[in-house]
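Protein sequences appear in the order of chains A and B.
Quick note on numbering: the numbering used here labels position 176 of the first sequence as 176, and the sequence is numbered without any gaps.
Quick note on numbering: the numbering used here labels position 67 of the second sequence as 67, and the sequence is numbered without any gaps.
The set of hints was computed from the structure by calculation and includes no laboratory data.
Some hints here could point you the wrong way.
[To be verified] The following label-pair restraints were derived from C-beta to C-beta distances: (1) Val156(A) to Arg25(B): 47 to 53 Å; (2) Tyr266(A) to Gly21(B): 31 to 37 Å; (3) Gln268(A) to Phe42(B): 48 to 54 Å; (4) Leu217(A) to His46(B): 22 to 28 Å; (5) Arg23(B) to Lys17(A): 57 to 63 Å; (6) Pro44(B) to Pro158(A): 32 to 38 Å; (7) Lys82(B) to Lys18(A): 24 to 30 Å; (8) Lys82(B) to Ile274(A): 54 to 60 Å; (9) Glu52(B) to Leu263(A): 54 to 60 Å.
[To be verified] The list that follows gives simulated cross-link-like pairs (lysine-lysine, DSS-like), each with its CA atoms no further than 30 Å apart: (10) Lys45(B) to Lys228(A); (11) Lys216(A) to Lys228(A); (12) Lys34(B) to Lys82(B); (13) Lys216(A) to Lys248(A); (14) Lys18(A) to Lys82(B); (15) Lys216(A) to Lys45(B); (16) Lys228(A) to Lys82(B); (17) Lys34(B) to Lys18(A); (18) Lys17(A) to Lys93(A); (19) Lys228(A) to Lys239(A); (20) Lys248(A) to Lys45(B); (21) Lys45(B) to Lys82(B); (22) Lys17(A) to Lys82(B); (23) Lys93(A) to Lys216(A); (24) Lys228(A) to Lys248(A); (25) Lys34(B) to Lys228(A); (26) Lys45(B) to Lys34(B); (27) Lys17(A) to Lys34(B); (28) Lys34(B) to Lys216(A).
[To be verified] Some chain B residues well away from chain A (every beta-carbon gap over 10 Å; in silico): (29) Gly21; (30) Arg23; (31) Glu52; (32) Asn60.
Each residue gets a CB set at the ideal place from its N, CA and C atoms; glycine is no exception.
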Amino acid sequence: MSRLEQHSAYNYLRHTKKFPNVWCAGCGIGIVMGALIRAIDHLELDQNDVALVSGIGCTGRMPVYMDFNTMHTTHGRALAFATGLKLAQPRLKVIVIMGDGDALAIGGNHFLHAARRNMDLTAIVVNNAIYGMTGGQYSPTTPIDLRATTAPYGNVEPPIPVGELAIAAGAAFVARGTVYHAVELDRLIAQAIQKEGFSLVEAVSYCHTTLGRINKLGTAGDMMNTIKNNSVTLSAAEKMSEEDRQAKIVRGVLRDVERPGYLRLYDQVIERAIAQEASHAG
Amino acid sequence: MTENDLQPAPAAAATARSKSGPRGRVIVFGSWCKGCRLCVDFCPKHVLALDENDHPYPANPEACNACRWCETHCPDLAIVVKPVQ
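Put together the whole structure using the sequences plus the hints.
See below:
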């Protein structure tokens, strides 16, 4: 047995694809991929019953490497394609993997409405606060005052809080983890996959190649350390003042409520339609 | 990819373990490794070091307590930690 076959992720990878993966050395997206594989492995889901849908960007490459039903769709439209897939094949566990720009800028509209409908999808937003693949343009989650190739004098646009936006839009389950707390991320993703309705996991990551280099934030390890030092658990955050909390990455399950998922509501529509048609026919 | 370039150095292997408790053996799949150093920088027991190819190897294997930090955080899925008795 080769050394690689001893890895728990081995059975979930497409070995016809070129490895090592396309991401820069030390990129957090690979850590999220590992966490997703461990979550699926923990839940003992059949690979044929899982569908991964992604959009465009660094994060969009993730399903390419993973041996499930996969769709690599157009920029920002991953949730729209996933909605169609879920309605056509309700037995599938549909997991949508997006970057911050993909989910919130180009696909912001789809993001809001998938959450509002409580569509039975699991969305994972890898938030590295920049458009990495296209060369470091600022994204809707780039912090204020950080520089980007399209904001050489510093970004003046306030970032979108991803989790809070999903809560406001009506998602049933919203959690935030970081790539430093990878084992916690496994657990959050596993919880999200099991949830009825729209579940979102925001995985806070970093981009040391574009954002890090332009702002002199250091290596992947340095940026990982920043995430480690800047994040607090939800229970610790509740004891902090509002001002202190704003500067922190709050980890944990931000929202977990029972709300009927879209598929259950749609089944009711079908029942009503059948009953109405039957009464007309009678 | 040769796998034997990832074997621990004999001198380091002789380092005595400091405490009792779980032990692990770190296995690195060198051809998938991009040399990002995350495992070397963050290993709480300083088990790993970089070799001349910038790939990690267990320079201090006796110190490994099988916490699996390197395995769960390797962005290239290139590390496995096996528990040893």
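Evaluation of the provided hints:
Between Val156(A) and Arg25(B) the Cβ separation comes to about 51 Å, which falls inside the hinted range of 47 to 53 Å. One distance hint, 31 to 37 Å for the beta-carbon pair Tyr266(A) and Gly21(B), is violated here, with the actual separation near 53 Å. Gln268(A) and Phe42(B) have their C-beta atoms about 50 Å apart, which keeps the hinted 48 to 54 Å range intact. Roughly 25 Å separates the CB atoms of Leu217(A) and His46(B), a value that falls within the hinted 22 to 28 Å.
For Arg23(B) paired with Lys17(A), a C-beta distance near 34 Å fails the hint of 57 to 63 Å. Distance hint check for Pro44(B) and Pro158(A): the Cβ-Cβ separation is about 37 Å, which falls inside the suggested range of 32 to 38 Å. Against the hinted window of 24 to 30 Å, the Cβ-Cβ separation of Lys82(B) and Lys18(A) comes to about 27 Å, which satisfies the hint. Range check, Lys82(B) to Ile274(A): Cβ separation about 57 Å, and the 54 to 60 Å hint holds.
Range check, Glu52(B) to Leu263(A): Cβ separation about 56 Å, and the 54 to 60 Å hint holds. Distance restraint check for Lys45(B) and Lys228(A): the Cα-Cα separation of roughly 18 Å lies within the 30 Å cut-off, and the hinted pair is therefore satisfied. Between Lys216(A) and Lys228(A) the CA atoms are separated by roughly 18 Å; this keeps the pair inside 30 Å, and the hint holds. The straight-line distance between the Cα atoms of Lys34(B) and Lys82(B) is roughly 21 Å, inside the 30 Å bound, and the hint therefore holds.
Taken as a hint, the Lys216(A) and Lys248(A) pair is honoured in the structure, with Cα atoms around 20 Å apart against an allowance of 30 Å. Between Lys18(A) and Lys82(B) the CA atoms are separated by roughly 26 Å; this keeps the pair inside 30 Å, and the hint holds. This hinted pair checks out: Lys216(A) and Lys45(B) have alpha carbons roughly 29 Å apart, not beyond 30 Å. About 26 Å separates the Cα atoms of Lys228(A) and Lys82(B), which keeps this hinted pair within 30 Å; it holds.
Between Lys34(B) and Lys18(A) the alpha-carbon distance is near 14 Å, which keeps this suggested pair within the 30 Å criterion. Taking the CA atoms of Lys17(A) and Lys93(A), the gap is near 23 Å; set against the 30 Å cutoff, the hint holds. Of the pairs offered as hints, the one joining Lys228(A) and Lys239(A) holds, with about 19 Å between alpha carbons and a cut-off of 30 Å not exceeded. Taking the CA atoms of Lys248(A) and Lys45(B), the gap is about 28 Å. The hint holds against a cut of 30 Å.
For the proposed pair Lys45(B) and Lys82(B), the alpha carbon gap of about 16 Å is at most 30 Å, so the pair holds. Among the hinted pairs, Lys17(A) with Lys82(B) is consistent with the structure: their alpha-carbon atoms are about 26 Å apart, no more than 30 Å. For the hint linking Lys93(A) to Lys216(A), the alpha-carbon distance of about 40 Å lies beyond 30 Å, and the restraint is violated. The suggested pairing of Lys228(A) with Lys248(A) holds, with an alpha-carbon distance near 10 Å, which does not exceed 30 Å.
For the proposed pair Lys34(B) and Lys228(A), the alpha carbon gap of about 22 Å is at most 30 Å, so the pair holds. In summary, the hint linking Lys45(B) to Lys34(B) is supported, as the alpha carbons are separated by about 22 Å, within the 30 Å threshold. Between Lys17(A) and Lys34(B) the alpha-carbon distance is near 17 Å, which keeps this suggested pair within the 30 Å criterion. Between Lys34(B) and Lys216(A) the CA atoms are separated by roughly 22 Å; this keeps the pair inside 30 Å, and the hint holds.
A cut-off of 10 Å between C-beta atoms confirms that Gly21(B) is not in contact with chain A; the least separation is 19 Å. At roughly 17 Å, the least C-beta separation between Arg23(B) and chain A is larger than 10 Å, which holds for a residue marked as non-interface. Against chain A, the non-interface label of Glu52(B) holds: every CB pair exceeds 10 Å, the least being about 17 Å. The beta carbon of Asn60(B) sits about 19 Å from the closest Cβ of chain A, which is more than 10 Å, so the claim that it is off the interface holds.
When held up to the earlier numbered hints, the structure conflicts with 2, 5, 23 and fits the remainder.
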